[in-house]
Amino acid sequence: MFNFDFSTVAAYSPMYLKGVVTTVELTVLGIIFGLILGLILAFMRLSKHAAVRWPAILYLNIFRGTPLFVQLLVVHYGFIPAIFGGSQGAFFSGAVALALNSGAYVSEIFRAGIKSIDRGQMEAARSLGMTHWMAMKDVILPQAIKRMIPPFGNEFIVLLKDSSLVAVIAVHDLTQAGRLVMAATLKPWEAYIPVAILYLMLTVPLTYLVAYLERRLESK
Amino acid sequence: MINNSSKVMIKAKNLHKKFGDLHVLKGIDAEIHEKEVVVVIGPSGSGKSTFLRCLNLLEEISEGEVWIEGANIADTKTDINLVRRNVGMVFQQFNLFPHKSTLENVTLAPQKILKKSKAEVEAKAYQLLDKVGLRDKALVYPDNLSGGQKQRVAIARALAMEPKVMLFDEPTSALDPEMVGEVLQVMKQLALEGMTMVVVTHEMGFAREVGNRVLFMDEGVIVEQGTPDEIFKNPTNPRTKAFLSKVL
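The listed protein sequences derive, respectively, from chains A and B. This note's numbering puts the first sequence at residues 1 to 220. This note's numbering puts the second sequence at residues 1 to 248.
If you are wondering where the hints come from, they were derived from the structure by calculation, not from laboratory data. Think of the CB as a built atom: it goes at the ideal place given N, C-alpha and C, for glycine as much as any other residue. Everything hinted at is true.
Here are the simulated DSS-like pairs of lysine-lysine, each with C-alpha atoms no more than 27 Å apart in a straight line:
(1) K115/A to K18/B
(2) K124/B to K35/B
(3) K116/B to K137/A
(4) K137/A to K100/B
(5) K18/B to K48/A
(6) K13/B to K26/B
From the derived model, a few chain A residues whose C-beta atoms are all more than 12 Å from chain B:
(7) S7
(8) A50
(9) Q71
(10) A170
(11) T185
(12) M201
(13) A211
Among the chain A residues that face chain B by a calculated CB cut under 10 Å, a handful are:
(14) G120
(15) Q121
(16) E123
(17) L128
(18) M130
(19) T131
(20) M134
(21) V139
(22) P142
(23) K146
Modelling step: build the complete structure from the supplied sequences, incorporating the hints.
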C-alpha cells in the first residue's frame, strides 16, 4: 500500500507547476483587490452616516455568512454572465470571488485595527488642526497597520488555502492539478502528496514573512 | 470681570452639552480675554473637562454658541480645522504620537498643515524643545520618556502651531507627584510670556499663583468666579466653600 512510485507522477510536474502559478496568481489578486475593497468597506463601516454604514454591513454579512464554495458558483454562473453577458473564463471568476470574499474579512481587520488605536490619538491630531483624513493617514493608520499585520498574515494564508476551492469551477490551480494527475494515473498518494507539499512550500514561508514583518515594525 | 478692556479670545454663550440623557453642561456663559490665564476648578463630574473640550469642538455642542475670535464654532459652516490651528490643547494622557520621535511629534502638524519647509519647522521645533528643556530628547521616541517629559513634549507640540490660546485638560493629573513641578513650571513660563490659557486642574497652588481668574464649576454650571484671592480667601457660594474645604 505504501509502495510509493513517484516516477509516473514526475512526468506531470509541468502540470503541478502551472497549478502553483495559478494558485499564487489567484491569491495575489485576491489579496490586492481584497485590500482595496476591505479598506473601502472599513471606512464605510466607521462612517457617521447610517446610509453609508448599512450597505457595508449587509455586504459583510452576505460574504461572511455564506460558504466561499457557494460564492464561487454564484459568481461564475450568475454574476459574471449577468454583468458581462457571458463567461469571462473560470480564472477571472475565481479571482473575483476570492477578492470579494477576502474584502469582507480584510475590512474587519482594518476596522478592528483602526478602532484599537486610542481615541486620544485622533483627538490630539485634530486639536492641532489636522483634518480627519490627514490624522487617519499620518497618525492612526501607521499605528494601526502594525497591529493588523498578524491578522492579515492569517487571512492571506487562509486565502491561499481557500483558493483551492476554485477547482469547483474548473480553474487549473494546484488542487485541480492533483485531481487531474490522479485521474490520469489512478495513484492517489503520488498524485496528492506533491499538492500538499507544494501548498506547504507556499504557506510556511508566508508565515515566516509575516513574523519577520511583525518584528521589523515592532523594532521601529 | 477682569481685563474688560482687552480683546475677547473666547466667548461661550448659553453653552449646553448633553450625552444622551446626561445633561453635562447646563448653560455656560464665559469670556476669556487675551493674555488671561483662566483656571477652571470643581469636583469631578462637574463638567470642567467637557467645557474645555467644547472650546475646540472635541465635543459637539448641543446648544448655545462658542465664539473663538469672531468664529462661532457651534455653527457647522465654520471651518473647525482653521480655528483649531489657533487653539492648542494639552491632554491629561499626553496623547503623543508613539510612532514619531519627539522632534517629529512637534513638526508633524506644522509641516503637514502649514506646508512649511522641513528646515523651518525643525528649527522652530528645536526652539520649542529648548523652551521645555528637552532638546536632548529630540530623537527619542515617546515610550522612552517619563510622564513629565511626555507632557512637556505635548506642550511643545501644541505650541508649534503658534496658537493664540492654549487649553490644558488636567495636564498634571496623570503624572507621578515628582514630575508635576516640571510641567507646571513650563506652564507658568508660558503664562509669563503672555499666552492666553484656559487650565482645568486640581493644582490649587498653580491656580492661586498663576491664574488671573478662577472659575468654579459644579453640576454643569459656573457657580462662582473671581480672582484667585476672591475665590480662595472669600468664597461666597456654599458649594465653593464646601469644595475648597476638601481640597485646600
